[in-house]
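Undergrad: Protein sequences appear in the order of chains B and C. With the first letter of the first sequence counted as 1, position 23 gets the number 22 in numbering that gives the first Met the number 0; the numbers rise by one all the way through. With the first letter of the second sequence counted as 1, position 90 gets the number 89 in numbering that gives the first Met the number 0; the numbers rise by one all the way through.
No lab work stands behind these hints, which were simulated from the structure alone. Please note: incorrect hints may appear among the correct ones.
[To be verified] Simulated crosslink set (SDA-like; lysine to any residue; CA at most 20 Å straight-line):
| id | chain 1 | residue 1 | chain 2 | residue 2 |
| --- | --- | --- | --- | --- |
| 1 | C | K44 | C | I233 |
| 2 | B | K246 | C | A107 |
| 3 | B | K173 | C | R30 |
| 4 | C | K10 | C | R284 |
| 5 | C | K175 | B | F104 |
| 6 | B | K294 | B | G235 |
| 7 | B | K102 | C | I162 |
| 8 | B | K23 | C | H147 |
| 9 | B | K259 | B | L270 |
| 10 | C | K246 | C | M88 |
| 11 | B | K102 | C | E106 |
| 12 | B | K246 | B | T170 |
| 13 | C | K102 | B | E106 |
| 14 | C | K102 | B | K259 |
| 15 | C | K173 | B | R30 |
[Claimed, not checked] Label-pair ranges, simulated between beta-carbon atoms:
| id | chain 1 | residue 1 | chain 2 | residue 2 | range |
| --- | --- | --- | --- | --- | --- |
| 16 | C | Q133 | B | S201 | 22 to 28 Å |
| 17 | C | A237 | B | K242 | 40 to 46 Å |
| 18 | C | G235 | B | D198 | 38 to 44 Å |
| 19 | B | V238 | C | L93 | 55 to 61 Å |
| 20 | C | L93 | B | Q205 | 37 to 43 Å |
| 21 | C | K175 | B | E228 | 54 to 60 Å |
| 22 | C | G263 | B | D198 | 46 to 52 Å |
| 23 | C | S176 | B | Q205 | 48 to 54 Å |
| 24 | B | S201 | C | K175 | 33 to 39 Å |
Where a beta carbon is used, it is the ideal one built from N, C-alpha and C, also for glycine.
Number of protein chains: 2
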Amino acid sequence: MFDLNAYFAEKIERINAALESILKTTERPDRLLEAMTYSLMAGGKRFRSLLCAAAAEAAGGDLEDVLPAACALEMVHTYSLIHDDLPAMDDDDLRRGQPTCHKAFDEATAILAGDALLTLAFQTLSSIAAGSDQQAVKWLRVIQLISHAAGYCGMIQGQMLDIALEGTQLTLNKLKSMHRLKTGALIEVSSRCGAELVDANSSQIQLLESYAQYIGLAFQVTDDILNVEGDPAIMGKAVGTDKLRQKSTYPSLLGLEESKTFAGKLIDNALQALGSFDQKAEPLRAIARYIIDRKK
Amino acid sequence: MFDLNAYFAEKIERINAALESILKTTERPDRLLEAMTYSLMAGGKRFRSLLCAAAAEAAGGDLEDVLPAACALEMVHTYSLIHDDLPAMDDDDLRRGQPTCHKAFDEATAILAGDALLTLAFQTLSSIAAGSDQQAVKWLRVIQLISHAAGYCGMIQGQMLDIALEGTQLTLNKLKSMHRLKTGALIEVSSRCGAELVDANSSQIQLLESYAQYIGLAFQVTDDILNVEGDPAIMGKAVGTDKLRQKSTYPSLLGLEESKTFAGKLIDNALQALGSFDQKAEPLRAIARYIIDRKK
Numbered sequence: 000m001f002d003l004n005a006y007f008a009e010k011i012e013r014i015n016a017a018l019e020s021i022l023k024t025t026e027r028p029d030r031l032l033e034a035m036t037y038s039l040m041a042g043g044k045r046f047r048s049l050l051c052a053a054a055a056e057a058a059g060g061d062l063e064d065v066l067p068a069a070c071a072l073e074m075v076h077t078y079s080l081i082h083d084d085l086p087a088m089d090d091d092d093l094r095r096g097q098p099t100c101h102k103a104f105d106e107a108t109a110i111l112a113g114d115a116l117l118t119l120a121f122q123t124l125s126s127i128a129a130g131s132d133q134q135a136v137k138w139l140r141v142i143q144l145i146s147h148a149a150g151y152c153g154m155i156q157g158q159m160l161d162i163a164l165e166g167t168q169l170t171l172n173k174l175k176s177m178h179r180l181k182t183g184a185l186i187e188v189s190s191r192c193g194a195e196l197v198d199a200n201s202s203q204i205q206l207l208e209s210y211a212q213y214i215g216l217a218f219q220v221t222d223d224i225l226n227v228e229g230d231p232a233i234m235g236k237a238v239g240t241d242k243l244r245q246k247s248t249y250p251s252l253l254g255l256e257e258s259k260t261f262a263g264k265l266i267d268n269a270l271q272a273l274g275s276f277d278q279k280a281e282p283l284r285a286i287a288r289y290i291i292d293r294k295k
Numbered sequence: 000m001f002d003l004n005a006y007f008a009e010k011i012e013r014i015n016a017a018l019e020s021i022l023k024t025t026e027r028p029d030r031l032l033e034a035m036t037y038s039l040m041a042g043g044k045r046f047r048s049l050l051c052a053a054a055a056e057a058a059g060g061d062l063e064d065v066l067p068a069a070c071a072l073e074m075v076h077t078y079s080l081i082h083d084d085l086p087a088m089d090d091d092d093l094r095r096g097q098p099t100c101h102k103a104f105d106e107a108t109a110i111l112a113g114d115a116l117l118t119l120a121f122q123t124l125s126s127i128a129a130g131s132d133q134q135a136v137k138w139l140r141v142i143q144l145i146s147h148a149a150g151y152c153g154m155i156q157g158q159m160l161d162i163a164l165e166g167t168q169l170t171l172n173k174l175k176s177m178h179r180l181k182t183g184a185l186i187e188v189s190s191r192c193g194a195e196l197v198d199a200n201s202s203q204i205q206l207l208e209s210y211a212q213y214i215g216l217a218f219q220v221t222d223d224i225l226n227v228e229g230d231p232a233i234m235g236k237a238v239g240t241d242k243l244r245q246k247s248t249y250p251s252l253l254g255l256e257e258s259k260t261f262a263g264k265l266i267d268n269a270l271q272a273l274g275s276f277d278q279k280a281e282p283l284r285a286i287a288r289y290i291i292d293r294k295k
């Protein structure tokens with residue numbers, strides 16, 4: 000049986016060490032770097048970077064092959080959380096069990112720390128230029144993939160829609176397509192970057208993309224479920240907020256039990272997409288199972 | 000005599016056409032894209048992209064060689080203006096003669112439009128991957144240069160300092176080093192990217208860097224001068240705001256006349272740095288002269 004906890008713990012340690020070493024390259028710590036570090040090292044699940052590493056492993060590679068991408072994905076994800084939490088957006092006070100960045104620092108610092116983490120993601124992705132020309136082609140491609148997924152055709156568009164649609168009753172399809180942009184795009188690209196960086200073949204890439212689409216959606220469905228019945232002490236943030244904000248969610252549209260069934264089905268589909276992969280895809284399978292069992 | 004107006008007009012037209020075609024790649028226009036377009040196409044001076052093109056020309060190249068970099072520099076610059084104008088930062092209502100982005104739209108949209116333009120800059124810089132491997136090395140290097148200059152060791156750090164130091168009396172050296180980060184870093188990298196993309200030799204790169212340092216500083220000194228005696232109707236924004244905010248500026252530290260002398264000296268130094276360049280550096284020389292003559 001694959002020991003997911005040990006696998007997660009080891010990878011997270013390596014990812015955190017890499018992130019910390021990037022943040023320590025500056026000459027002198029200051030308030031801006033302090034705010035960036037505060038949010039980036041606040042003990043996130045590292046879901047996107049783990050997915051990137053696990054996809055690389057499934058295709059025969061290793062975390063080391065994709066480390067700059069894994070780090071960049073966490074920076075992009077963290078910047079998006081900092082900005083989404085701002086008073087002008089979701090106005091959240093608590094994130095990962097700590098005051099949000101603008102609460103711990105101030106609004107201007109939070110905006111700039113988010114900007115700086117987004118910029119640092121691309122600095123990290125371009126910092127391996129010294130390698131071979133072929134490596135450069137590969138990393139330029141990863142920058143293309145991540146900037147597209149994170150940008151105005153992906154994650155940022157999703158956040159715009161989420162704000163615009165707050166308080167309106169959505170159809171299930173509209174909800175899905177909003178989440179596909181807001182959280183799905185970055186989750187899908189995490190898996191894709193992992194696969195492309197270790198030269199997965201096109202059939203593998205397609206299957207991994209399909210896998211990532213299912214777990215991306217499942218991740219959002221379970222997020223909505225946790226917002227109904229999760230334990231705020233474990234989650235490190237308030238629950239019941241979706242209902243308060245009259246947000247359309249899977250539980251609000253499908254009911255709680257039906258949402259759980261739906262999430263289970265998505266995970267089954269994700270596992271099926273991995274059918275032709277050998278035991279090197281065990282981490283990806285474990286990640287899929289973890290998504291419905293998670294408590295935070 | 001080099002006709003700067005005709006030169007500027009022709010280049011700006013090509014840069015604007017390139018920017019517009021990038022913004023038009025999306026399927027359907029929406030509020031986010033509208034806000035991005037509103038700020039990016041608001042008739043900026045295109046100083047950074049022109050500098051990039053002129054540096055490329057001085058080293059024997061052409062605007063076409065550097066067009067994605069020229070566009071990306073304008074996107075990065077515009078995003079920084081949108082975020083700097085936010086209520087949590089400088090709280091400005093007017094920019095380039097129009098309401099600022101958060102005034103014309105709303106705060107959330109302005110934050111996201113800024114984020115999206117920053118992300119689009121890197122998407123633009125990585126979109127030429129289809130070319131040769133050597134091209135990929137070059138563009139990866141440009142991403143490295145721009146992300147470093149725009150990031151927490153450059154422009155964003157400068158904005159942090161600018162906010163932190165507001166209302167305190169600075170020494171001339173502190174003021175210079177703040178501006179070197181806030182506006183200088185991106186101006187310097189504009190020239191550097193232009194030079195590197197057309198394979199300038201290291202001596203040319205060094206001289207162009209020195210030139211860019213002088214004009215970057217001169218640009219800021221004249222900005223401060225215009226904030227004292229500029230015509231708000233020509234400038235499209237309020238004047239006298241630095242004094243109101245008790246900002247340390249060159250005029251406040253040196254006096255108005257001494258500031259003008261200082262700017263003139265910087266321009267002389269910039270022109271001297273170009274001494275060994277032939278007539279292909281005329282656009283760079285014209286840009287240097289324009290800086291002290293400009294009315295906006």
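Undergrad: Checking against the hints above, which ones are violated?
TA: 5, 14, 18, 19, 20, 22 and 24
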